[in-house]
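Novice: Chains as they are written, first to last, in our numbering: chain U, 1 to 252; chain Y, 1 to 252; chain L, 1 to 252; chain Z, 1 to 252; chain C, 1 to 252; chain V, 1 to 252; chain W, 1 to 252; chain X, 1 to 252.
None of these hints come from the bench; they were simulated from the model.
Mixed in with the good hints there might be a few duds.
Stated by the list, open to error - Cut-off 30 Å, straight-line C-alpha distance, at most; resulting in silico cross-link-like pairs (DSSO-like, lysine-lysine): (1) U:K8 x L:K8; (2) V:K8 x Y:K8; (3) W:K8 x Z:K8.
These figures come from a predicted structure and were not determined experimentally.
Spelled out, the chains give:
Protein chains: 8
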Amino acid sequence: MTTEALRKLLEAVQAGAVSPEEAGAQVLDAMREAPFEDVGFARIDHHRELRQGFPEVILGLGKTPEQIAEISSRIVARGRPLLVTRATPEAAEAVRQRVPEAVYHPLARVITLEQGEIPRGTGTILVACAGTSDLPVAEEAALTASLMGNDVERVYDVGVAGLHRLLSAQDQLRRARVIIVVAGMEGALPSVLAGLVAVPVIAVPTSVGYGASFGGVAALLGMLNSCANGVSVVNIDNGFGAAATASLINHL
Amino acid sequence: MTTEALRKLLEAVQAGAVSPEEAGAQVLDAMREAPFEDVGFARIDHHRELRQGFPEVILGLGKTPEQIAEISSRIVARGRPLLVTRATPEAAEAVRQRVPEAVYHPLARVITLEQGEIPRGTGTILVACAGTSDLPVAEEAALTASLMGNDVERVYDVGVAGLHRLLSAQDQLRRARVIIVVAGMEGALPSVLAGLVAVPVIAVPTSVGYGASFGGVAALLGMLNSCANGVSVVNIDNGFGAAATASLINHL
Amino acid sequence: MTTEALRKLLEAVQAGAVSPEEAGAQVLDAMREAPFEDVGFARIDHHRELRQGFPEVILGLGKTPEQIAEISSRIVARGRPLLVTRATPEAAEAVRQRVPEAVYHPLARVITLEQGEIPRGTGTILVACAGTSDLPVAEEAALTASLMGNDVERVYDVGVAGLHRLLSAQDQLRRARVIIVVAGMEGALPSVLAGLVAVPVIAVPTSVGYGASFGGVAALLGMLNSCANGVSVVNIDNGFGAAATASLINHL
Amino acid sequence: MTTEALRKLLEAVQAGAVSPEEAGAQVLDAMREAPFEDVGFARIDHHRELRQGFPEVILGLGKTPEQIAEISSRIVARGRPLLVTRATPEAAEAVRQRVPEAVYHPLARVITLEQGEIPRGTGTILVACAGTSDLPVAEEAALTASLMGNDVERVYDVGVAGLHRLLSAQDQLRRARVIIVVAGMEGALPSVLAGLVAVPVIAVPTSVGYGASFGGVAALLGMLNSCANGVSVVNIDNGFGAAATASLINHL
Amino acid sequence: MTTEALRKLLEAVQAGAVSPEEAGAQVLDAMREAPFEDVGFARIDHHRELRQGFPEVILGLGKTPEQIAEISSRIVARGRPLLVTRATPEAAEAVRQRVPEAVYHPLARVITLEQGEIPRGTGTILVACAGTSDLPVAEEAALTASLMGNDVERVYDVGVAGLHRLLSAQDQLRRARVIIVVAGMEGALPSVLAGLVAVPVIAVPTSVGYGASFGGVAALLGMLNSCANGVSVVNIDNGFGAAATASLINHL
Amino acid sequence: MTTEALRKLLEAVQAGAVSPEEAGAQVLDAMREAPFEDVGFARIDHHRELRQGFPEVILGLGKTPEQIAEISSRIVARGRPLLVTRATPEAAEAVRQRVPEAVYHPLARVITLEQGEIPRGTGTILVACAGTSDLPVAEEAALTASLMGNDVERVYDVGVAGLHRLLSAQDQLRRARVIIVVAGMEGALPSVLAGLVAVPVIAVPTSVGYGASFGGVAALLGMLNSCANGVSVVNIDNGFGAAATASLINHL
Amino acid sequence: MTTEALRKLLEAVQAGAVSPEEAGAQVLDAMREAPFEDVGFARIDHHRELRQGFPEVILGLGKTPEQIAEISSRIVARGRPLLVTRATPEAAEAVRQRVPEAVYHPLARVITLEQGEIPRGTGTILVACAGTSDLPVAEEAALTASLMGNDVERVYDVGVAGLHRLLSAQDQLRRARVIIVVAGMEGALPSVLAGLVAVPVIAVPTSVGYGASFGGVAALLGMLNSCANGVSVVNIDNGFGAAATASLINHL
Amino acid sequence: MTTEALRKLLEAVQAGAVSPEEAGAQVLDAMREAPFEDVGFARIDHHRELRQGFPEVILGLGKTPEQIAEISSRIVARGRPLLVTRATPEAAEAVRQRVPEAVYHPLARVITLEQGEIPRGTGTILVACAGTSDLPVAEEAALTASLMGNDVERVYDVGVAGLHRLLSAQDQLRRARVIIVVAGMEGALPSVLAGLVAVPVIAVPTSVGYGASFGGVAALLGMLNSCANGVSVVNIDNGFGAAATASLINHL
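Using the sequences provided together with the hints, build the complete structure.
Specialist: Laid out in structure tokens, this is it:
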């Protein structure tokens, strides 16, 4: 209930068109109003689009294929774009039975459906990754950023141990408005890359590695301790989160 | 052996009705008496009901289906309610061959059988959870609390990132006498929720999440460091433990 | 603004006694109203007492003596009881210059002032601890529980390696309505004690120990993994938090 | 050496005005040219300003007062603004002997000197913090953001356990273009706050807390696992890093 | 080569019966002599029996069934008892093809063959465990101790949350010369038990538990921090190691 | 109350010499009897000597000098030997004011007083340590073992990186009945040493080291994972605990 | 572009044989030149051989069989030796369909193809391991070192608990120019071995073990804290990395 | 006792010049001979020089100034060079009272005395560090390498966030035979630097940093997970260890 709507309601009360009881109920209702859809096991947050410009995204992890398909069909039914991350092939199958036009990207483990209008971001989001094994997370980021209305460029396999590969991509780096850097193992790429540019860098550690990589902890710590300016970090393997942040920045 | 029983025995000795030898043996027996049933691989603690108002609950984890079925049938044979947590479908099958009326709840991985009389708790235990993926733990808590003689309400998928979903449930929150809050990832729900109510909150971290959630450690630490009053914490994924504590409180 | 107040306001609008503009402003004000006192570096939450029956408690850690003294004087000025935890002697000195009747308890590192009326809890809160070194935390809990309107009993130095010391205190254990158990090192006391009673046990790990106690982590993990029913846990050394929870339970 | 300069040099060679030997030396010199000032124990990176719009910032930690004073005087001598973080009073004293107009902010442990021209950012950077103990880190962020050419607003002590304090500040939240959220203990504030806005949130965990806060690890993990969109994280207590990132975003 | 053998050899040299060259070769050979059998992938340490009274035991973990069978047949061929721990059914099958009289104990995952003479220990080794899920480790300990020539008693499922179960077994506890205590979860049993007896207690943490048990770390830390005297600890799930130590003590 | 005493009491009841009321009171008293001395902040466990052959030992850590002095004087007053570990010079001073004949060993941080009769152990306890920095812990072990009635030998600075130092001490190793091995850093000495002997080895990790020694964790893990038989482990820096266990073994 | 090449180019400009425009383009091209082959998902670093004497090695972990086969065929097509580590049988199958002469070593999980000329190292690289379970990592090291042009010797199963096995191999140890030591569990072998030789020791912790070995962390920490000189460490299970370092040393 | 010496002795026995008894005693003595000096609290390993070309180095940490001075004077008395690491000013003072010509380097916390002949290494050892705060560790490495007979170059403050600083030092990098790289925070320098050279790189993580650097753990993990070839790692802050390894390599 906006200030304007409240004023009109109160004028109607003054004019006798609406009784105080009914007006009170309306005000209280507005305060209680639940801007979400309750499907029992989930409360789909349709309000999120109002707040953040993109509908609720479904994290597939820990949900059954049926739950994912049910939530997906509700979002699609409202004419909005669909994004499911960490989706298994089984979840994709279940979604496609109810939303046949949905697309499954197996490398990125992502289900997408573009529909409705999404505001376009200003510049380009660059997704860089250190090695071939980082591709699933990098692609999750790239697909998310693209679906959220951004131009996306990719620069892959530019790990710091062969510096010339990164240096040869400097033109691309300088064209970007925001850069997402995906790296496992020692996670040094964000530090080196952020020293070459003047735009925000979102660092995504990956669980790529073995032994003392501890499932991505080594890369995470490396990125948190980056000596370069402009680096902020998201959770291990969270390509989606990096893209959502980058998209917010690119839409400023 | 109570004080009263001891007094009577000693009077019988004085009266010559019982010899000192026999009385001595009785006293020593009472001191040694083992209030449990020894089935070789387990000592079923029937005494627990006397102490805590509910018979021993079987933690299915690490026990074979046969062991679970054997212990279950002993408890049921005494006319007492049955609760097995962390039960696999194989364990449920084995139990039902010996206790056909037992019910298996696959989402909560719990086997139950209501029988005998259980004292009723005073008020309502509310079970809240942050996301759809927390449901197995939330349901373990809700089923346990219900079987232990409590009225149970559920408020699911009210994570803090969409605060209006939680705020819209404030009436339910205020009706509860004890609240169990189940959350994974950053585990922030107990802090926010406990700031809205004046009853004890039992927080249950879940292993829902990935990367730096470290199997529930992030949620656990978040809850232990809660800046809200009235929050205490149980082990990761321990829906049963939260319900047992909540039930004790609700039976005060 | 309660439902009742809203109804009256709307009737006044209908009656022409209040203009719609003014009523609208009042409603919006009520929604915005900040039930706290802003002193620049802190927003003292006077609303907390309405919600939870006790005014905001000051955690001394990380605040300067001047900040603590300023917040203390604001709370005392409203006629409410004062509780500062983790207070250094310097903080106590600063508080007493502005609130001369405040009392400093050096072992518990707590500043208290009893004033105003506090609702009394129903039964007794028992504070048990495993060793002499746990006393500072146990006393923080006992003083907090007492100030919050509860009868408090203490059973100290009853660690599990000399079981007869605990068993000799069983009468006291059985009289309690809630039990706070404070233990460092292996933190086994809550498990053993909870097996002897039928009331909720709040376990407080302490940082007492050395080497592989890791500042209380060993005790914390022991308590979280307790095989006994009815045990919930608060942060390491958090005597205050245990008492606040116990008091909520005892006031049900 | 730019493309243009190279072309001119080569034309001079063709014209015979410059010998090949000399031209070769010039090209190689340009490739070798070190855009930093070597003072023995440090290589002051004057090139950073060209890349990132602000001169090198001095991390005081682990440097002697003399080293800090020497580097400071070199930066000031070039007419550029000075920022030293984690500066002890001794370091401030040493700097002021060589740069008398430098200002020391003891709460934030920061030395600043505004001089020269700094490009202004577009909107406002809001710095929010959860509790009074988070002020040193919050102030480090606010002072850094201000010195880097941004308008700064502060909203302090709005922790999630008293939600009304945060909700009462929603107008300020919505005015901001970037938000820095500083929180210790369970670190839940960024999740809740990011759910209320549509701008990027930079989360800064602090080492405020005790016991299982593990020097800020609990808050760090909470923030990395945030279920809210648009949250990225910097190192524990790294107010400077958050502000540097926020400033980059605000200057896009 | 003993002192006596050396003396005889030198006398033979003096007597001219052995040339200096040959004697030198013998002395050097004795210094180089390798008291093990090299089978390429392993050096079977037959010398161990001389040093420690029992032949080399095979840790099945990380070895192929063929490697285990090959080493087993070499040990059996020398007429010595066989013990393989952490043996899979496949390993047992492979061993039995070459050593048909070997026995596989599936609960304890142990292969045994009693043959040859083993010196008997003095008293009884008691193996106690806290819960049914600890049986695999407890049985590994009990079978090992028995094979190494000790009388073994078992007291199972005597966890501390139902103290009467342990207290009822005090007679057995007092009969033992060494006690092995096996416990998972909070690992409190060794502390309580060691307080009731005056013999050495070898504590074995198990990986039984979930969540914050961290695969046995909680129990391990609990035992290392035991406040009871006479408790020493072996690796998580290392029933064999506890029994080997207990047997050494029982053979003193 | 022994069986014999109980029989005599019951015969007195039968004979009319004792009334049932009085006898009942005596039996109940015996069951309640507290074999400890309550000094308010501590319950001194005089019963421990009956159970374990040595009076309660005072862990100085976390106790005030006054508390230590008070407990010490109670133990000495009963004519028993005194042992305080982790005693500061201040504690030693406080103890000596009340027990002037007590001796302070500053390297080992131990206060001792030999008096009364202590049963002698059978053989020799050898205390070995890896480096000079391990001496405080090694001396705590050696002094404890000696006071508990054992012959003690010392072999110091025999770390594995200079193996000839250890090999030159083999005669001493073979004379021992129990061996305590104290080592920091990588903690490899127990593995190597246990491979050379056939007696139980109690391994004590020390906090000696830096960086990735993590306050003794590296040594602790090394010892828990020892591939040698007969090694059990106590807490980091717990020289006392190792000696108490070794003494129990040596008194078998 | 070398200094010499630059000089010649500039002389050609002076001579009019090359225009300034073209020369400028050549210089800029040389600065931009990308010495790698871009296959979309990977940038194969052919430049690495120029820098380090051996072509890029493929880490199989996290790459699909198709990706591995594609990169392998590119390397082989240039006539260079092939090395794939952590290769699954599926990857080996895929590689052999395109490079039929490639060899798969299942124990070491390595694919190799020797072709082209590799410079020979000076001395012998010795690979030692502590137990049979360490063989996969030891073989990865030995095969890598051999393919990189080094003479390799193996000494396996010489763990420190049976010291005579190691001492009997001293001749081999002394012949080596570099030693790779592979060990799991407590990881003590490098310390002991490095004390016997005067050449660099590269220590490789393995994930062999259970319980508190924490997947190789115990061995890793042991090696990092080695009290012996000349020990440096690589990642857990990183046989390849140890061999690459050893080969660099052996080629000096 | 060498083979040659043994042969001569046995010939003397044959010739009757030495009796078998005496010869036997000599052989046994040689086997027992302890090539170290026992000063009670330490066994100074003079044999180490024979094995490794440099006398025993004293780790000052955990030793008293008196112990350090005593061991120092013994080493100097034998005409050998002295090196004490982690020496406090107090230790330096104590050493200089007994060895007046010893030199204390306060930044590196090292005491040195050059005397006697040390074999020279072949090439140059380069010591690089990432930031000014890493200087103490870098200097410990440089001084150690120099004292051990190596030419040393230093390249300081070349962290990866300002890549041009490192690239400008490529000539120096290429001149080195071994490179020691010292870095804290994210520890990325070794990966980047090793990709530019073809010589072994010894990486030294430092404890420089705060928050999630965890005392050097972030840098340590980064280095262990380096994607560059030829990197091996030593303990956090272990400049000495890196230099000792580098010196061994440089003396090959």
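Novice: Against this structure, judge whether each hint is valid.
Specialist: Against the structure, the hints:
With a C-alpha separation of about 19 Å, the suggested pair K8 of chain U and K8 of chain L falls inside the 30 Å cut-off, and the hint holds. At roughly 19 Å between alpha-carbon atoms, K8 of chain V and K8 of chain Y fall within 30 Å of each other, so this suggested pair holds. Between K8 of chain W and K8 of chain Z, the direct Cα distance comes to roughly 19 Å. Compliance with the 30 Å bound is thereby established for this hinted pair.
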